[in-house]
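Asker: Heads up: the protein sequence lines correspond to chains A and B, in order.
Going by this note's numbering, the first residue of the first sequence is number 3, and it counts up by one from there.
Going by this note's numbering, the first residue of the second sequence is number 3, and it counts up by one from there.
Warning: the hint list may mix true and false statements.
When chains are identical, the list treats them as one kind, so a pair holds in a single copy or across two.
Pairs of lysine-lysine, BS3-like flavour, derived with a Cα cap of 27 Å [said to hold, decoys possible]:
#1 K54 / K31
#2 K73 / K6
#3 K34 / K122
#4 K6 / K34
#5 K19 / K122
#6 K31 / K73
#7 K6 / K54
#8 K6 / K106
#9 K122 / K54
#10 K69 / K34
#11 K19 / K96
#12 K19 / K108
#13 K122 / K96
#14 K122 / K31
#15 K31 / K96
#16 K122 / K73
#17 K108 / K96
#18 K31 / K6
Hint data in this document are derived by calculation from the structure and do not stem from the laboratory.
Only a predicted model underlies this, so the values are computations on that prediction, with no experimental measurement involved.
2 protein chains.
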Amino acid sequence: MMNKIEHIGIAVSGIEKATSVYEALLNTKAYKTESVESEHVNTVFLQSGPNKIELLEATSADSAIAKFIDKRGEGIHHIAFDVDDIEAEMARLKAEGFILLNDKPKPGADNKLVCFVHPKSANGVLIELCQSI
Amino acid sequence: MMNKIEHIGIAVSGIEKATSVYEALLNTKAYKTESVESEHVNTVFLQSGPNKIELLEATSADSAIAKFIDKRGEGIHHIAFDVDDIEAEMARLKAEGFILLNDKPKPGADNKLVCFVHPKSANGVLIELCQSI
C-alpha cells in the first residue's frame, strides 16, 4: 500500500546554500545530513508537516544527481512514497505495467529500502518507493 | 506558517491517460476534476495520505503548463504548501529575500488563494503557497 509521500527529493548544486534557502522557506532547521556513498550523494533532510524534503548534492560526476543537473538544472528530482511492503508494491506496479528501475529493493538514505519507477511510466516523474528498515 | 505539502502539481499532456496512470500508481481513484479558466488548465486531484497529487493539462498554448511541457516535457511542475495566512507568509518570504511571482494572492484551483515563489529563489523549484478560502 502507498501510505503517503515520504519525501520529495530536490537536486541542488551546493547543499550548504540550498539548506539555508529551504530552512528559510520552510521556517525550520534541517534535522539530518547523510552521505550515501553508493549513490554518490550528500543529503540533507527537513521536516514539513507529515512529509520530508530531501536535498541531494552530487559528490561525483557519476552520480544520477550530477547528470540530472547537467541536463535540466537544479529542481525536483523524485517523489518518494512510503510503503509497508516494498516487494508486494513492486509486484503490484509491475503487474500494472510500470517499468521498475531495479529488480530488487536496494538500500537508500535514511534507513530505507528503495526501488525506483521509470519516469516514462509516470508522465516524466521519477517515483521512488521506500520502506523503513 | 507552512503547515504541510498541500499538493504536488504534475504537468501532463493528456489528462485522461495520466489519470489512469496515477490511479494505478497510487491505487486510488481520482476524487475531483476542475477547470481553472484563468490559468487555462484542466486539473484532476488524487489523495495520497495527508497530501494530494494535482495533474494539470493545458487547455491553451498560453498556459504556463503548455510552456513548461514544450520546454522540459511532462513532469513535476510545482510543490504547494498549505499556509494559514497567505499574506503573512508572503511578507515573511519577501523579507527573507524570496522573489514572489504575484504581489497579491490570486484564486487557484480547489478553493484556494495562491501565490507562487520564483524557481530562481528555490533551487529551480516552483513553490506555491495556498490558503483555503
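Asker: Taking the hints in turn, state whether each one holds.
Answerer: Hint by hint, here is what the structure shows:
1. K54 / K31: Cα proximity of K54 and K31: in one copy and across copies (12 Å, 25 Å).
2. K73 / K6: neither (29 Å within a copy, 30 Å between copies)
3. K34 / K122: Close across copies (25 Å), not inside one copy (31 Å); limit 27 Å.
4. K6 / K34: both (20 Å within a copy, 19 Å between copies)
5. K19 / K122: Between copies only: 13 Å across chains, 32 Å inside a chain, cut-off 27 Å.
6. K31 / K73: Neither way: K31 and K73 sit 30 Å apart in one copy and 34 Å across, limit 27 Å.
7. K6 / K54: both (11 Å within a copy, 9 Å between copies)
8. K6 / K106: Answer is within; shortest intra-copy Cα gap is 21 Å, inter-copy 32 Å.
9. K122 / K54: Intra 25 Å, inter 21 Å, cutoff 27 Å: intra and inter.
10. K69 / K34: within (24 Å within a copy, 36 Å between copies)
11. K19 / K96: Classified as between: cross-chain Cα gap 18 Å, same-chain 39 Å, threshold 27 Å.
12. K19 / K108: neither (29 Å within a copy, 30 Å between copies)
13. K122 / K96: within (14 Å within a copy, 37 Å between copies)
14. K122 / K31: For K122 and K31, only the inter-copy Cα distance (21 Å) is at most 27 Å; the intra-copy one is 35 Å.
15. K31 / K96: between (38 Å within a copy, 19 Å between copies)
16. K122 / K73: For K122 and K73, both the intra-copy (16 Å) and inter-copy (17 Å) Cα distances are at most 27 Å.
17. K108 / K96: Within one copy only: 17 Å inside a chain, 41 Å across chains, cut-off 27 Å.
18. K31 / K6: For K31 and K6, the Cα distance is within 27 Å both inside one copy (22 Å) and across copies (15 Å).
Taken one by one, the earlier hints fail for this structure at numbers 2, 6, 12, listed in ascending order.
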